[in-house]
Amino acid sequence: MGRPVDPDLQRKLRALGERVDADHRVALDQNDLGEAWLERARAGALATVKGPEALHQLGQAVARSNDNALSLSNSLQDVRGRLLRPSRHRDPPWAWLLGGTGALAAAAALAFVVLAPPAARSPLTVAVVAQTTTGGADLDRSVASAQPRGSQVAAGGWLLGVGPAVRFSDGSTARATTAARYRVAALRASGADIELTKGQIAVNVVPRAGNQWRIHAGPFVVHVLGTAFDVSWDPSNRGFALALRRGRVRIEGPVIGSHVLNAGQQISVSTVDQKFVLEALQAPAARVGSAHPQIVAHADKTGLAALPPTRPRGDQTVGRATAAKLPKVDGADHGVDHSADDDRLGAKPIDEAPPNTPSAATAPSRHRQTRRRPTAGRPTHTKAPRMPRAAVTAPTIPTGAATAPTTPTVAGGGEAAPLTPTPSVRATPETAPPPWRLAEQGKWHAAVDAAERMGWSRVAATATAQELLLVADAARLSHATTAATKAYELVRGRHPGTGAAAQAAFSLGRLRFRQGRWSDAARWFERYVAERPQGSLAEQARGRAMACRAKLGDDVAACGAAVAYIAHHPKGPRASLALKTRLRCHAEGR
Amino acid sequence: MSHRPPNQANSAPEAPRRNLHRLGFVGDDAALADALKGGHPGAPAELFDRYGNHIQRVLVNVMGVDQELPDLLQETFARAFKNAGQLEDGARLKAWLTRIAVFTARGCIRSRGRRRWLRYFSPEAMPESTAPTASTEDRAAVRATYAALDAMSPDLRVPFALRYIQGMELKEIAAACDVSLATIKRHLAKADKRFVVLASNDPTLQHWLEGGSRWAGQ
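Protein sequences, first through last, are from chains A and B.
Numbering (my numbering) for the first sequence: 1 to 590.
Numbering (my numbering) for the second sequence: 1 to 218.
Calculated from the structure, these hints are not laboratory results.
In this text, all values refer to a predicted model and were calculated from it rather than measured experimentally.
For each residue, glycine too, the CB sits at the ideal point set by N, CA and C.
Errors might be hidden in some of the hints.
As the list claims (entries may be wrong) - Not everything, but these chain A residues come out facing chain B in the computed CB check (under 7 Å):
1. Ala54
2. Gly59
3. Ala69
4. Thr125
5. Val206
As the list claims (entries may be wrong) - Pairs of lysine-lysine, DSBU-like flavour, derived with a Cα cap of 35 Å:
6. B:Lys94 / B:Lys185
7. A:Lys443 / B:Lys193
8. B:Lys185 / A:Lys486
Stated by the list, open to error - A few chain A positions that, by computed beta-carbon distances, are all more than 10 Å from chain B:
9. Leu70
10. Asp78
11. Thr481
12. Ala564
13. Ala575
For reference, chain B alone in the conformation it holds in the complex (with noise of 0.2 Å):
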């Protein structure tokens, strides 16, 4: 007898699984929206199965490795799952999530920013911001480069992050920033000048800046 998944549709009658306790859910990214607004019980572990990953890499690449990195993706799905409702074209949901996810970040930024003064009053221990199997190289340009990231706008930044870090398009950028293509250019114009002067006061930034033209113009 062979195997079939359990969530075939057209599986044939099986023995009852007395285990199963959700019910999966199976279809596109319209499909799953749907399922979503619709309150379908497999939908939010579906959603989060396919874009966790993905959500988590976009909040680690604005954010660096940051120890709020789990309640931000908390919140992101948290959200996700609070505005389904809003989501007008199913097809868009991946971008949808992003935006929700550069929204949180964003917003962690700015607090973050506000509540700088307290610093002075509680000098705890900056957590290690980086992998342990990095290399010396790369942890030491992560380091540099968040160290930089934190010192622009979040305006700035996150354009920034999403364009180098986590190599996304132009276009992309500006779904998930809710901004103008022409507004996101202008924006990682001005970012980039601004990291490139930032990155002048860092050896370890101007090490890789000018090895990546060295090595382009070889």
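Same shape as in the complex, but just chain A (with noise of 0.2 Å):
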């Protein structure tokens, strides 16, 4: 603790307004107040000596951020299209009278269509096509029986068992090809609910315009839109899974939120242990050995998670059964705006399954031969959209819980391979949540324990650039310094040329600075701003550049840093500085 500030000092250091805080701090050193001065501006008694310089800085980053996040919007547009949106022209007093009539004749118009009843459409039927094949020992049988073939079902029926099939007046199918137990919950002109509470169905729906079919399979909504899939429930380990054979469907459930799933895609979802699969569709010969590449995502402990966008990359190494062309959504869209689906779909692929999940250890060793290596030109990945809070917390799996479904005959034809509504037999084993998500939550120091763990080369190869960088953040600021540089380095090693790499070269840069290392962190500097002259941080890794050169005593680089500062921020936070050190050299005569 220093002494009390001078009454005295205080007002000459408050008259100095807003010069650099250089000065201060050298006034401040001669009189042994470090300190106290430091106390005191943290307590705000200084603030206006201290507080310029920083204060700035900070507004910086708080704009810089804030600009990002208007780039990213389309407010403006929004507001200028209600804006602007032509405005009605005045309409003369007896326009009142008329309009008030033709607007009684349009509600009347429309009362009529509304309520009367649709003449084209009538409320679909369903009948019983096929009967049980094999009794669902487990099933519940007090609920309901099998139903005699041929037979209309009213809607509530619950049929039990494999192979119990309906047909719908539209030609829509629905069959169970596992032990299942379903029901049609309700029939409606433009199509029909039906309830899944076990087993796996196959559903069969045909296109038509206005189709609202539902599929409910424990908490899982399913959307069809004219399509053929298999979908299944297991309520034992609360596991949910569907295979789109054809068309497109939207799924709601906890875990995913809500997600637009394309033709040749399957999806698995655990409830329990907060996490989905989604893969490339299948055929049978093609499932055994299961090496073919697959998304696994996880929520993270907030139960946010992540939908991958596309079909994962390398479906060559499944062969060619495995649906390696997506065909086209067909004509059964009818009008449904999927945008702010499909917007969601960016997602972080992982290439291969971990080592120990049964599918990869199981896998033919050709396929482990063709898996490629990451490399440093790879692609980068998506970053992950935040998706809704899922709203299950289930009990653990039992163990060994999972149904085991024999072999049967899809509705539309063609065999199928049963579903395993067991994702978290296939999903990671690894529970802990990735450095990267603990460096978004703030947990810098895990965040670099994790990454420490998991060992770099592999938080390297399965991280995006931006989640490397935040990783890499999250090191230098809890002061791992060591590990930042590395984090950094991998940055700029794997995704050269993108702009987290020279992001990462600022922030070695700023390690540089802070370690003392003038020459290294001007280098890092100048890197940053020969890469990004144009950068968010170009104005601060100019004025670094420049301090760092007369740090060195490098007059000729400090006066040119100058110059180029001046030039490019004429009325930057460092302008002056840059203008006193332009004026020195001018006046040494350099």
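If you follow the hints, you should be able to join the two separate chains into one complex; please do so.
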């Protein structure tokens, strides 16, 4: 603790106004008041002395973030559209009468259209077309019994066991392909609601305009838009799975929020583990060994999950039978706007299953050899968007509770592989959040520890550039300089030429600056400027490079840096310092 | 044949363009202000295109990234269109518009302050207040900064945000807040002190403030 600050000195310091803090510090150090000054500054007593420089820097960072946010938003165009929408001309008074009459007529016509029974489309009917072939021993037979073939089914009757199939009057069908328990819960002109409480059914919906089909499987709702798919729900381990053979469906439920699935994809969700697996739909032959590429994602602690944007790359490794080409959506979208859903499809594909998962362990060696190792030039992963919080907290999965389905016949023809609604078996066994997730949550030390445990090379191989940068930032902010340096160098090595690489250069400069290694720091800052001359950190990089050169006593380079700074940032926070440097050089004839 | 911009006054006669629905406006701020007062059909669009970005930045810097930003932006321009007749000096169009934006934002902050007790009954999740592309450090700084600003009165918060985040000059801030230069200096001094006190309780902001002065000192 130093001496109390002399009021006279305080007054003098205040009179200095907004001059650089260096002057203040020198004055304070000479009076041995550094500690006292710092404490008082924290308490706000000397805010006007200490504030401007630091506050301007903080404000710039905030403004930079705000600008980023604005660049991602299109509210400006929305507001423009709302504001400048053509306004109606004022009508003459007599127009009210005409308008009112017209409105009444329109209302009457609308009421007639809405209230009148639809002549073209009557509610669907449904009939049983196949009986139970195998009784589901574990099903609750007290609820209902199998319906006789050809009988009309009223909405609400349960269908049990393997094989019972129903055909709707529009040609759509549903068939139990494993020991299932399902029912047609509601029938409408535009579709039906099918409720599945256990097992797997194959659904084939005939595309029609205005289709509104819903399959309720546990907590999941599948919105069908004219398509063929297998859906299953296992209540014992709360596992949901859907394999889409044709068309497109939208699934709503825990863990995944709302997600549009395209033809040739299948998804398995475990609400217990908060994980899901999205993968290319495969033929039965290709499923054996399960060396197929898959996308594994799991919700983080807050229940936020990521969904993959496209089909995973590397489908060739499993042969042609794995729906290498995803067919276009058939014309059954019927005006439903899925743009919002599609926008969410950014995700982090993981190329390989973890080595100790059953799928990878049993994979043929040829497949392992053909897998590509991550290289520096590989496409970067898309940052995972945030998804809604999962609504289910379920007990742990009882082991061995998965159903053991037989190989059924699909209603639409062809043989389908039974779905295994036990994604926890295939999902990654790592339950700890990845280091970048911890870094995102502000748990910097934990993020660094997790990265060290995981191994930096593995982190670099699995993380995107931004995620790796997050971990590196966490290391820097937790003062783990060695780890931070390594992480930043990995960013630059694996993602050269990207914005993340430039940012890593700047951060490396900061690290060196903090260590007092002026030469290295100057080089990194200058590298950032060379890579991003108009970047958001260019002003700071130029200013810091100038300061580094001045520290080194390299007056010529410092003058050059000062000139560059003034040229690019004539009103920047370090413009006065640059001007001083420039004037000094001029006075010394440099 | 050379292509000329459609708005050029001395353009040669060309074939009429059937798709042209709205007349554009060409001119400086004073002319634009006159056009607004005179009800030129292209003036509102020109005003929005010229200053929409600026006003949006002012609002976001004062308020933070907020769900109500589009509404505030719309409110600002709606007020401007409505009160265009009150603009005396057309050359000061930008400052006038900025003042409307500042008053709109301040009104929103005040009304939120009055409704604050309602939060106990509606614990909805706070929206993400930062850009996903910002660095970790920036995100933390943004969150902490607006948390501190939320604890300040509008009379201190607005000048502080305009000075340090928007980067405006003192005279511009005084004009935007419709107070004298001396008053704005007094408010800023108070805001600085208040913010530093609030920042002393937040490790992120402490790191920034100390880092800033440390850097300048080296």
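Consistency of the hints with the structure:
no., hint, in the structure
1, Ala54, "3 Å, holds"
2, Gly59, "3 Å, holds"
3, Ala69, "4 Å, holds"
4, Thr125, "45 Å, violated"
5, Val206, "41 Å, violated"
6, B:Lys94 / B:Lys185, "22 Å, holds"
7, A:Lys443 / B:Lys193, "30 Å, holds"
8, B:Lys185 / A:Lys486, "47 Å, violated"
9, Leu70, "6 Å, violated"
10, Asp78, "6 Å, violated"
11, Thr481, "16 Å, holds"
12, Ala564, "19 Å, holds"
13, Ala575, "13 Å, holds"
In the structure shown, a violation is registered for the earlier hints numbered 4, 5, 8, 9 and 10, in ascending order.
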